[in-house]
Amino acid sequence: MTDTVGIVIVSHSADIAKGTADMVRQMVGSEVEVAFCGGNSDGGLGTNVPLIIDAINSVWSSKGVAILVDLGGAETNSEMAVEMLEPERQDLVVVCNAPIVEGAVMAATEAAGGSSLAQVKAVAEELSAG
Amino acid sequence: MLETSQADEQTFAGSVRLVHAVGMHARPAVKLTKLAKKFQAQVSVRVADAPEWINAKSVAKIMAMRAAHGSTIEIKASGSDAEAAVAALVDLIATDFPDGNS
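Protein chains in written order, with the working numbering: chain A, 2 to 131; chain B, 1205 to 1306.
Heads up, some of the hints might be wrong.
[As the list claims (entries may be wrong)] Simulated restraints, written as ranges between beta carbons of each label pair:
| no. | chain 1 | residue 1 | chain 2 | residue 2 | range |
| --- | --- | --- | --- | --- | --- |
| 1 | A | 73 | B | 1227 | 48 to 56 Å |
| 2 | A | 55 | B | 1253 | 20 to 28 Å |
| 3 | A | 51 | B | 1288 | 41 to 49 Å |
| 4 | B | 1288 | A | 23 | 27 to 35 Å |
| 5 | B | 1298 | A | 73 | 25 to 33 Å |
| 6 | B | 1298 | A | 91 | 42 to 50 Å |
| 7 | A | 117 | B | 1303 | 50 to 58 Å |
| 8 | B | 1226 | A | 73 | 14 to 22 Å |
| 9 | A | 120 | B | 1275 | 24 to 32 Å |
| 10 | A | 89 | B | 1229 | 21 to 29 Å |
| 11 | B | 1242 | A | 91 | 44 to 52 Å |
| 12 | A | 31 | B | 1244 | 22 to 30 Å |
[To be verified] Just a few of them, taken from the derived set where beta-carbon distance is under 8 Å, the chain B residues facing chain A:
| no. | residue |
| --- | --- |
| 13 | 1237 |
| 14 | 1238 |
| 15 | 1263 |
[Unchecked claim] Heads up, simulated DSS-like pairs for lysine-lysine below, C-alpha to C-alpha not over 27 Å straight-line:
| no. | chain 1 | residue 1 | chain 2 | residue 2 |
| --- | --- | --- | --- | --- |
| 16 | B | 1265 | A | 64 |
| 17 | A | 19 | B | 1265 |
| 18 | B | 1265 | B | 1241 |
| 19 | B | 1265 | B | 1242 |
| 20 | A | 64 | B | 1242 |
| 21 | A | 19 | A | 64 |
| 22 | A | 64 | B | 1241 |
Note that these hints are calculated values from the structure, not bench results.
If you're wondering where the values come from, they're calculated on a predicted model, not measured in any experiment.
Think of the CB as a built atom: it goes at the ideal place given N, C-alpha and C, for glycine as much as any other residue.
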C-alpha cells in the first residue's frame, strides 16, 4: 500500500496556509497529499468551514487526514468541519495540537513513511508535549 | 569515512562527518528521518561522544539535535537490515543530503 495520511493546513491567512503547504512539499516531497485553506470569502483574515471540508476531501485517504491549525477559530471551525463529515469518516480526521508550520512538516514526514493517523498526530504533537 | 563496524551479531555502527554548510537544520533532518524510517532496524544517531543517542526516526528529535557543520555523526542500528540502514545514512550525510528519491 502506498496510501499515506493526508495533511490539511488551516490558517486565518491564505498566505500563511499556502506558505506552510509550500514548505511541506519542498521539505518532505510529493508522496504526501497536502491541502490548505485560509482567509474568508472576502479575501480577509478568517477560516471557513466549507473550505475546510473541501480541503479534507481533496486529500482524502483511507488512512485518514491530519489537520494543522493556527489560532482559535481555525481550530473550532476545523472541528466543526469534521463534525459535518459523514459519521463513518469522522474518526478518520484529527485536529493536531501543534504549531502549524512545525507540526505540518513533522506530520508529513511521519505520514510519508506510511504511518497510521495516530502516529502522525503523536509526532506532530511531540513539540507541544514538553 | 564509510567505516562500518559490526559490534555484535545484529548491531552495526558507523560514523560520518557532517559536511552540510549549516549543520543539521530542518531539511536535512527531514531527509534523514524519512530514510531511517525505510528500515525495520532500530536506528540511533548522535553527535560524536554526546551523552545520549537519538532515535533517527523521530523528526522532532533529529531537528533538535543541532549538529554543527564539521561535527561527526555516529550512527548505530540493530535489527535485520541494520547494516544497510547504517550504510544508507552514512551515504546520505556524506553526500550532503542530495535531492532526489529520498
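Results of checking the hints against the structure:
no., hint, result
1, A:73 / B:1227: 48 to 56 Å, "36 Å, violated"
2, A:55 / B:1253: 20 to 28 Å, "52 Å, violated"
3, A:51 / B:1288: 41 to 49 Å, "48 Å, holds"
4, B:1288 / A:23: 27 to 35 Å, "33 Å, holds"
5, B:1298 / A:73: 25 to 33 Å, "46 Å, violated"
6, B:1298 / A:91: 42 to 50 Å, "47 Å, holds"
7, A:117 / B:1303: 50 to 58 Å, "28 Å, violated"
8, B:1226 / A:73: 14 to 22 Å, "35 Å, violated"
9, A:120 / B:1275: 24 to 32 Å, "30 Å, holds"
10, A:89 / B:1229: 21 to 29 Å, "41 Å, violated"
11, B:1242 / A:91: 44 to 52 Å, "32 Å, violated"
12, A:31 / B:1244: 22 to 30 Å, "25 Å, holds"
13, 1237, "6 Å, holds"
14, 1238, "6 Å, holds"
15, 1263, "4 Å, holds"
16, B:1265 / A:64, "25 Å, holds"
17, A:19 / B:1265, "26 Å, holds"
18, B:1265 / B:1241, "14 Å, holds"
19, B:1265 / B:1242, "17 Å, holds"
20, A:64 / B:1242, "18 Å, holds"
21, A:19 / A:64, "24 Å, holds"
22, A:64 / B:1241, "18 Å, holds"
Hint compliance for this structure: hints 1, 2, 5, 7, 8, 10, 11 are broken, all remaining hints hold.
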